[in-house]
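S.K.: As a plain string of letters, each chain reads:
2 protein chains.
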Amino acid sequence: MAILVVGSMAYDTVETPRERRERQLGGAATFFALAAGADAGVRAVAVVGDDFVESDLELLASRGVDLAGVERAVGPSFHWSGRYHDDFIERDTLATELGVFADFAPEVPAAWRASEYLFLANIHPSLQGHVLEMVPKPRLAVLDTMNLWIETTRDDLLAILPRIDVLMVNDSEARLLSGQRSLAAAAAAIKEMGPQRVVIKKGEHGALLFGRDSVLAVPAMILPDVVDPTGAGDSFAGGFMASVAAAGADRDSDDAPFREAMLSGTVTASYVPEAFSVEGLLNRNPDDHAKRLRTLRSMMIP
Amino acid sequence: MAILVVGSMAYDTVETPRERRERQLGGAATFFALAAGADAGVRAVAVVGDDFVESDLELLASRGVDLAGVERAVGPSFHWSGRYHDDFIERDTLATELGVFADFAPEVPAAWRASEYLFLANIHPSLQGHVLEMVPKPRLAVLDTMNLWIETTRDDLLAILPRIDVLMVNDSEARLLSGQRSLAAAAAAIKEMGPQRVVIKKGEHGALLFGRDSVLAVPAMILPDVVDPTGAGDSFAGGFMASVAAAGADRDSDDAPFREAMLSGTVTASYVPEAFSVEGLLNRNPDDHAKRLRTLRSMMIP
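So the sequences go chain by chain: A and B. Quick note on my numbering: the first sequence kicks off at 17 and runs consecutively. Quick note on my numbering: the second sequence kicks off at 17 and runs consecutively.
Honestly, I wouldn't trust all of these hints.
Here are some chain B residues pointing at chain A (derived, C-beta under 7 Å) [claimed, not checked]: (1) Leu73; (2) Leu75; (3) Ala77; (4) Leu192; (5) Gln196; (6) Ser198; (7) Pro318.
Subject to a maximum C-alpha distance of 30 Å in a straight line, what follows is the list of computed DSBU-like cross-link-like pairs (lysine-lysine) [as the list claims (entries may be wrong)]: (8) Lys218/A x Lys207/A; (9) Lys207/B x Lys153/B; (10) Lys218/B x Lys218/A; (11) Lys207/B x Lys218/B; (12) Lys307/B x Lys307/A; (13) Lys218/A x Lys153/B; (14) Lys207/B x Lys307/B; (15) Lys153/B x Lys207/A; (16) Lys207/A x Lys153/A; (17) Lys218/A x Lys307/B; (18) Lys207/A x Lys218/B; (19) Lys307/A x Lys153/B; (20) Lys218/A x Lys307/A.
In short, the hints are calculated from the structure, not lab data. Using N, Cα and C, we set each Cβ at its ideal position, and we do this for glycine too.
Starting from the given sequences, assemble the full structure and let the hints guide the process.
M.R.: Structure (structure tokens):
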């Protein structure tokens, strides 16, 4: 069982109300891969610049991430810079320096084109479409996107939605894509565009699964403290996909493994805000994950 | 089993992105009482002005609300006017005309002073304290408050918190009162101030119960449309209290009846945004309530 992820590997400069960290390891594919964990067999397709620190790649490799699809190009790595507001949720993007990511043309190694699980992290939808041509028949394809693509490349996005199985977006993206204020109406409209299932992430308010036959609302874990929430959404996706893949679920499965995956994604994401960069993900252990899963279930039992 | 509510009966002028309604029936005690339902035996202590429409009082009476504690004073009734933003959540208060409410001195009829359940809706904490002197030993006292009182009459509020059993506030109020950003830390700090249990309302994101021994996160019902959310929070309280009272719970009960009451409050509140004023509450029926409760449970089962 292998999970292919296509997305960014980057450096983030993050300013919170309490602290500022320069050029720490980040990027959607990075968080996703570390979140999915060593057992998930994650294969990463990404591009990094000539400034990308070798020990960061070694860290990923040491955590079981196959980097055969990571191209090292000449030029600077993708660098994102942002400042969080006092609530540690709202944030202003201060700079988006694409660097080598501007010319990213994802190339999936031939041996990976039969990957069973595919996560298309947030990149230009025409690139996501290009990947779907190279990996035409995964058991399950999950796609993330963002307001920028919904607004500026809507047709490209609509063209690929029929070819994916789960759309995973946040609530404002779901509303923007569908033109519907109600999340129930938004999810129904998005399903009409292609995917059988829609996952709506709401940060500290949890996440919703609009499944094939059911709806599940999962609260976020209630954290004692927040240090840096950057990457929590992609880490949710990593935990979600690892769970779905471990269950061997595909698009024709019933909702049960997807409901279970929502809990796993929630617990996985809960480690991210506890520390800067990927530190929270690196420090967790299976016992603590199991303990948080029990806590989450106890918070949900009606 | 009787529930005593002390709070406002008012007229609201509400402007939404779609429509404007002038001087429609509102007020915390009004929503609470109608939400609790005819079987709850709600006793209302409030003040209305000489402009308060008799048929509005008759409506409440016809729904089983005992109005023996409603004083009719000379002058205008409390009038609130507000405008909702495009998200139907954020709102600007355009006018708060207290009218006769400015001199409200709640007087609990002698026969009601042994009421078993007490809901102190959002009024000046010194008035809430005055009520607690008149009704010293309810089985359960629940209190709502707001940012204004937390900021301007903090000492009055802190003086009465040891005498109530459940504080019911929204997330920003919980943070303001406790000085804690984390809702877990906020609830823990509030419990130190007196109440054994804290309910944190989050509107469309649901509600949290920080119980004696457990935490429960209940999502909001996912509504197909929103017309006017005014009164949903007080209606949640009405549904919550009716459920707690029907179970005969008191402060020493375990968390089970309070967890159940969270679901009942959530379903009850879900009727409010579907129509202006109290219309949504008036139009519901037990079969539909039971159906929504099943839907809510199905959304929560981990």
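S.K.: Determine for every hint whether it applies to the structure shown.
M.R.: Evaluation of the provided hints:
1. Restraint check, Leu73/B versus chain A: the minimum CB separation of about 35 Å is more than 7 Å; hint violated.
2. At its closest, the beta carbon of Leu75/B sits 29 Å from a beta carbon of chain A; the interface hint therefore is violated under the 7 Å criterion.
3. Residue-level restraint check for Ala77/B is violated (minimum Cβ-Cβ distance to chain A is 35 Å; threshold 7 Å).
4. The closest approach between the C-beta of Leu192/B and any C-beta of chain A is roughly 13 Å, which is over the 7 Å cut-off, so the hint fails.
5. Residue-level restraint check for Gln196/B is violated (minimum Cβ-Cβ distance to chain A is 10 Å; threshold 7 Å).
6. With a cut of 7 Å, the hint placing Ser198/B at the interface with chain A holds, because the nearest CB-to-CB distance is about 6 Å.
7. At about 4 Å, the closest approach between the beta carbon of Pro318/B and any beta carbon in chain A falls short of 7 Å, and the interface hint on this residue holds.
8. Our distance criterion of 30 Å between C-alpha atoms is met by Lys218/A and Lys207/A, whose separation comes to about 19 Å.
9. About 20 Å separates the Cα atoms of Lys207/B and Lys153/B, which keeps this hinted pair within 30 Å; it holds.
10. Simply put, Lys218/B and Lys218/A have alpha-carbon atoms about 13 Å apart, close enough for the 30 Å limit, and the pair holds.
11. A hinted pair counts as satisfied when its Cα atoms are at most 30 Å apart, and Lys207/B with Lys218/B qualifies at roughly 19 Å.
12. The straight-line distance between the Cα atoms of Lys307/B and Lys307/A is roughly 33 Å, outside the 30 Å bound, and the hint therefore fails.
13. Proposed proximity of Lys218/A and Lys153/B is contradicted: the alpha carbons are some 42 Å apart, above 30 Å.
14. Simply put, Lys207/B and Lys307/B have alpha-carbon atoms about 34 Å apart, too far for the 30 Å limit, and the pair is violated.
15. At most 30 Å may separate the alpha-carbon atoms for a hinted pair to count; Lys153/B and Lys207/A exceed this at roughly 54 Å.
16. For the hint linking Lys207/A to Lys153/A, the alpha-carbon distance of about 20 Å falls within 30 Å, and the restraint holds.
17. With a C-alpha separation of about 26 Å, the suggested pair Lys218/A and Lys307/B falls inside the 30 Å cut-off, and the hint holds.
18. Of the pairs offered as hints, the one joining Lys207/A and Lys218/B holds, with about 27 Å between alpha carbons and a cut-off of 30 Å not exceeded.
19. Only pairs whose Cα atoms come within 30 Å are accepted, and Lys307/A paired with Lys153/B is rejected, the gap being roughly 40 Å.
20. A C-alpha spacing of about 23 Å is found between Lys218/A and Lys307/A, which places the hinted pair at or below 30 Å, so the restraint holds.
Hint compliance for this structure: hints 1, 2, 3, 4, 5, 12, 13, 14, 15, 19 are broken, all remaining hints hold.
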